[in-house]
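Asks: Chains as they are written, first to last, in numbering that gives the first Met the number 0: chain A, 0 to 46; chain G, 0 to 375.
There could be a bad hint or two in this list.
Rough simulated footprint, nothing fancy, chain G against chain A, three-plus residues with beta-carbon under 8 Å [said to hold, decoys possible]: (1) 3-12; (2) 20-29; (3) 32-38.
For the chain G half of the interface with chain A, some residues (derived, Cβ under 10 Å), not all of them [what the hints assert, rightly or not]: (4) F26; (5) A130; (6) A203; (7) V364.
Per label pair, the in silico range of CB-to-CB distance [said to hold, decoys possible]: (8) G31/A - V192/G: 20 to 28 Å; (9) K332/G - L27/A: 30 to 38 Å; (10) P16/A - E154/G: 27 to 35 Å.
These are calculated hints, taken from the structure and not from any lab test.
Treat the numbers as computed from the prediction; the structure is a model and nothing was measured.
Where a beta carbon is used, it is the ideal one built from N, C-alpha and C, also for glycine.
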Amino acid sequence: MTDTLSKAILMATIGLPLMIGVIGLFALMARGLVLLFPRDGEAGQRH
Amino acid sequence: MYATLEGLMAGIIELSWHHGVMWAIGFTLIYLAVKKGYEPLLLIPIGFGAIMANLPLSGAVTEAGPLTLLLRIGVWTELFPILIFIGVGAMCDFSPLLRNPEVMLIGAAAQIGIFATIIAASLLRFPLTQAVAIGILGTADGPTTIFVASLYAPEILGPLALAAYSYMALTPLIMPPVIRLLTSPAERRIRMVYSGGPEVSRAARLLFPLCVVIVAGLIAPVAVPLVGFLMLGNFLRECGVAERLSHSAQNELVNVVTLLLGLTIGGTMTAETFLNWVTLGVMGLGLAAMVFATAGGIMIAKLLNVLRREKINPMIGAAGISAFPMAGRVVAKMAFAEDRQNYLLMHAIAVNISGQLCSIVAGVVVIAVSKAILGL
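Generate coordinates for the entire structure from the input sequences, incorporating the hints supplied.
Replies: Structure below.
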């Protein structure tokens, strides 16, 4: 296996879970914001 | 007298078949844009720029030529793609994402194509910097591709940009065979009810871009311009008090920068840099990247179906690539063709919007990983 290929595989091994983790974090952030600010001017109140 | 005539004929004397081939490529791009409507805003300036750059002794691409200056000022500095991101952000409505954040997982899966393509490019013995830039074609996102190419592989910017925009335009031809191959007719007929999700407040829509900038910036400081300018555009759209700026970002800014970017990319497509096996490899890998990305989205949607009680139509996974709104429309059209009462458009567009954001996040992660771990 060439050095470039092994580095590419390492990149995928680390990058893929990291990417899914970051996007998952954004998804949680989006959910949290919608829950925290359910309607304009009623921050923190749930319906 | 002879010397004067020779000076006047210098352009013709220097003409070679390479120039003819590049003109043909330029004409083809212009033809596809004008006649077929494939990405005309970009392919016309690219085609024209390619013709201008491939006239022998062309003044457009000399050391002080306008296309060379634009390349230095706008592309090597990554300024043009970043400015386009303000407009892209101003055009994006992230409300469907905020309503159903789960669709972001499907958008993330469609980015698997990036890593698969990086490995494929390495197998074909491309240097790692070029492999990374080629892999980003898997996002099906033009500005992100150009941004990463400017950072890592400016020498193949022309073919990369051409591959990115050509394949985006060809989404309706590339996606359907992959979808048909990976899904059964029964799966393609799965109906989905669109509930719309919870109401999204203005506060949430305003805070989302700010939070994304901060989190993405902390993870990958180098990618702050990429995410920051995108989210600035989105904030201008959502804040409601900068209508003129939002309008300008979506129209004048994007139009002017797209024109200059297209011309500049065309200017890099000189016969010496374009007519080689690398270009062929980039075009081939770009196609593979689109196929990998489409397949990745479908497979994760199928996986989700194993875990979920309420099944989703796996075709919407294919809309996770960034080509907006073509990818979403293709999926909706295919679902309608299978079942005349299956309306998937809203689901597919929600996934498609998530694909837009995810493609940029993927770009950020790839830059961060290459910088931090591989020392690129």
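Asks: Taking the least C-beta to C-beta distance, is A130/G closer than 10 Å to chain A?
Replies: Because about 6 Å separates A130/G from the closest Cβ in chain A, which is inside the 10 Å limit, the hint holds.
Asks: Starting from the hint 20 to 28 Å, judge whether the C-beta atoms of G31/A and V192/G obey it.
Replies: 25 Å, holds
Asks: Quick one, is the V364/G hint okay against chain A at 10 Å, beta carbons?
Replies: 4 Å, holds
Asks: Verify this for me: three or more residues of the segment 32-38 of chain A with a beta carbon less than 8 Å from a beta carbon of chain G.
Replies: holds (count 6)
Asks: Taking the CB of P16/A and the CB of E154/G, does the distance hold inside 27 to 35 Å?
Replies: Cβ of P16/A to Cβ of E154/G: about 31 Å, so the range 27 to 35 Å holds.
Asks: Quick check on the hint: A203/G CB to chain A CB, less than 10 Å?
Replies: This interface hint holds because 4 Å falls under the 10 Å limit.
Asks: Quick one, is the F26/G hint okay against chain A at 10 Å, beta carbons?
Replies: At 37 Å from the nearest chain A Cβ, F26/G fails the 10 Å test, so the hint is violated.
Asks: Using C-beta distances, would you say chain G covers the segment 3-12 of chain A, given that this needs three or more residues below 8 Å?
Replies: holds (count 8)
Asks: Is the coverage entry for the segment 20-29 of chain A by chain G consistent with the three-residue Cβ rule at 8 Å?
Replies: Check passed, 9 qualifying residues.
Asks: Evaluate the given range 30 to 38 Å for the C-beta pair formed by K332/G and L27/A.
Replies: This hint holds: roughly 33 Å between Cβ atoms.
Hint compliance for this structure: hint 4 is the single one not met.
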